[in-house]
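Fit chain L to the given chain C structure using the hints.
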Amino acid sequence: KQEVTQIPAALSVPEGENLVLNCSFTDSAIYNLQWFRQDPGKGLTSLLLIQSSQREQTSGRLNASLDKSSGRSTLYIAASQPGDSATYLCAPGGATNKLIFGTGTLLAVQP
Amino acid sequence: DAGITQSPRHKVTETGTPVTLRCHQTENHRYMYWYRQDPGHGLRLIHYSYGVKDTDKGEVSDGYSVSRSKTEDFLLTLESATSSQTSVYFCAISEPGDQPQHFGDGTRLSIL
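As they're listed, the protein sequences go chains C and L. This note's numbering numbers the first residue of the first sequence as 8 and each following residue consecutively. This note's numbering numbers the first residue of the second sequence as 4 and each following residue consecutively.
Derived by calculation from the structure, the hints in this document are not laboratory data. All residues carry an ideal CB built from backbone N, CA and C; glycine is no exception. Be aware that a few hints might be false.
Derived lysine to aspartate or glutamate pairs resembling EDC-like cross-links, with alpha carbons at most 20 Å apart [unchecked claim]: (1) C/Lys75 with L/Asp101; (2) C/Lys49 with L/Asp108; (3) C/Lys8 with L/Glu62; (4) C/Lys8 with C/Asp74; (5) C/Lys49 with L/Asp41; (6) L/Lys60 with C/Glu10.
A few chain C residues that face chain L, going by a derived Cβ cut-off under 8 Å, partial list only [unchecked claim]: (7) Tyr38; (8) Asn39; (9) Gln41; (10) Lys49; (11) Gly50; (12) Leu51; (13) Ser53; (14) Leu56; (15) Gln58; (16) Thr103; (17) Asn104; (18) Leu106; (19) Phe108; (20) Gly109; (21) Gly111.
Chain C on its own, in the form it takes in the complex (with noise of 0.2 Å):
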């Protein structure tokens, strides 16, 4: 059964640092990880989806790194903002692109 572990649980940071959230997962057998933010009360956000034969993507201020065989991704975020304050979530797809989900990570980037 897959499990998905994201470190740490809960980060603040002052405004302009570059940071980096880990997501580690047990089985190595995924298809692709998707990197989500969830606001308060607010549905998920896809950021970023890196395939399975993928290194990294990016977007805009946002890297994921990928290493399946070890069982691990990053999220970097360069020059932070507090509009990047959230719940970052990472989920590992498989078959029929299902998900399993870590507990997030909540990010308060203080001005």
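Chain L in isolation, oriented as in the chain C frame:
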């Protein structure tokens, strides 16, 4: 958002009553999913559909049933609601292959 509407957005009901949540999409995506989100557990898959009338169980399917008679609608039914089913329910859609899932805004369900 990606053309996904969940209804109702909030519901309070009593133990033992039937409850149906609706997910409607305008994207014509083939796959649809129901998740529940609870503190300490994250999001867990309840049921999913890979086509009209094609559904399968997820991780936490006990006490839930689903139906999909049209591409655009995916219904989640709690036949006899229990307090343990108090949660926030999310619908998601995607296309086959390495395609991202897109989520609705959720339904907050309280069972007293």
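Each hint tested on the structure:
1. C/Lys75 with L/Asp101: Distance ~15 Å between C/Lys75 and L/Asp101 Cα, so the pair holds.
2. C/Lys49 with L/Asp108: Holds - the C-alpha atoms of L/Asp108 and C/Lys49 are around 6 Å apart, at most 20 Å.
3. C/Lys8 with L/Glu62: Between C/Lys8 and L/Glu62 the Cα gap is close to 10 Å, so the pair holds against 20 Å.
4. C/Lys8 with C/Asp74: 19 Å, holds
5. C/Lys49 with L/Asp41: With a Cα-Cα distance of about 14 Å, the restraint between C/Lys49 and L/Asp41 holds, given a limit of 20 Å.
6. L/Lys60 with C/Glu10: 18 Å, holds
7. Tyr38: Interface hint status for C/Tyr38: holds (7 Å vs cutoff 8 Å).
8. Asn39: 5 Å, holds
9. Gln41: 6 Å, holds
10. Lys49: 6 Å, holds
11. Gly50: At about 4 Å, which falls below the 8 Å cut-off, the nearest Cβ of chain L leaves the hint on C/Gly50 intact, so it holds.
12. Leu51: Check passed: Cβ of C/Leu51 comes within 4 Å of chain L, closer than 8 Å.
13. Ser53: Where the cut-off is 8 Å and the nearest Cβ of chain L is about 4 Å from C/Ser53, the hint holds.
14. Leu56: With a closest approach of 5 Å, the C/Leu56 hint holds.
15. Gln58: Holds: closest Cβ of chain L sits about 5 Å from C/Gln58, inside 8 Å.
16. Thr103: Where the cut-off is 8 Å and the nearest Cβ of chain L is about 5 Å from C/Thr103, the hint holds.
17. Asn104: 5 Å, holds
18. Leu106: 6 Å, holds
19. Phe108: 4 Å, holds
20. Gly109: With a minimum Cβ separation of about 6 Å from chain L (threshold 8 Å), the hint on C/Gly109 holds.
21. Gly111: 7 Å, holds
Violated hints for the displayed structure: none, as all numbered hints are satisfied.
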